[in-house]
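Asks: Listed here are the chains, written in short residue letters.
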Amino acid sequence: MPEKKTFRITHNRKWCKDCGICVAVCPKKVYEIDRSDRHAIVNPQNCIGCRMCVEHCPDFALTVEEAKNE
Amino acid sequence: MRLDLLRSERLPNIWCPGCGNGIVLRALLEAIDQLQLDPDNVVLVSGIGCSSRAPAYTAFDNVHSLHGRAIPVATGIKLANPDLTVIVVTGDGDSSAIGGNHLIHAARRDVDITVVVFNNYNYGMTGGQASPLTPTSSITTTTPNGMLDRPFDLVKLAAGAGATYVARSGIYFAKHLVDHLKKAIAHDGFSLVDAVAQCPTYFGRFNRKGSAGQMVTSQKDWMVLKSVAEKKTPEELAGKVIIGEFVNIERHAPVSAAAPKEQA
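Each protein sequence line maps, in turn, to chains P and G.
Using this note's numbering, you'd call the opening residue of the first sequence number 248 and step up by one each time.
Using this note's numbering, you'd call the opening residue of the second sequence number 2 and step up by one each time.
In case anyone wonders, no lab produced these hints; they're calculated from the structure.
Predicted model, so just to flag it, every value in this text is computed and none were measured.
We put the CB at the ideal spot given by N, CA and C, even for glycine.
Any given hint might turn out to be false.
Said to hold, decoys possible - Computed spacing ranges between beta-carbons, pair by pair:
1) P/Glu250 with G/Leu238: 42 to 52 Å
2) P/Arg285 with G/Ser219: 19 to 29 Å
3) P/Ala314 with G/His68: 46 to 56 Å
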């Protein structure tokens, strides 16, 4: 059985404006706008690497790379 | 998208949280990257408006021109150096109201430039006034009881004026948008892409469209692919916006070929 791919999400705090588009487009609920209205990565292990958040981030704040675990 | 196509020292951008302009800009940079264009041979020209701030965040040479006058500046750049890839970044008001005449005549002349319209259905920079693309009965600062007039269909306008490539896409369909931007930039002749974005600060708030995230994901409810729309009745398509490629024809023959000079 092929090993499950894992992805590393990097978030640029300085560019992010906490708009919540990544929360709306993510199919796996990886992100959340927390109680202080700030962007938070809550379930990074659920990421399937579809890059919907990367394509829809207006502030270029997110990148998703496949993690190489060797 | 390569992050080195951005001027990182200029970011974060000035747009409001949740503005769609950044998503269109990313798609445009992605298209330029996928076409493997030399960044030194790409020129971005913009007018005035929220969208027209976009070229300043890119590493390409750019001109931030007058309101509505981006297309004449781009025409001049293309005439001076036809080897350059000239892309006009403009908003819905900038292209259809103040620059409406320039748009139709550039399409008529079939100048080899690409116009990318960041369409957020209002004038965002000055406080959410109605533009010629604002849908009927929408509330804006200048139409507090609802827009009375019908909007332009920018796709039909450009096609009627003689553009040889016209497409429309929405930011929710990011790959669709990148594909059509790629085709438009590679197209020989006047090409226009109407990229429908959202303005959560004004248009979305006045018309109760919800948060920026809801405005982005709701595009899949009110947008229909052209291939799907062809099978539907006009009643089913009421209130929907059709996306896809509308015109893709050969460039008109140059005048010099049609009327050769008389032999001396």
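Asks: When the structure is checked against the list of hints, which entries are broken? Sort them ascending.
Replies: Hints that this structure does not satisfy do not exist here, as all of them hold.
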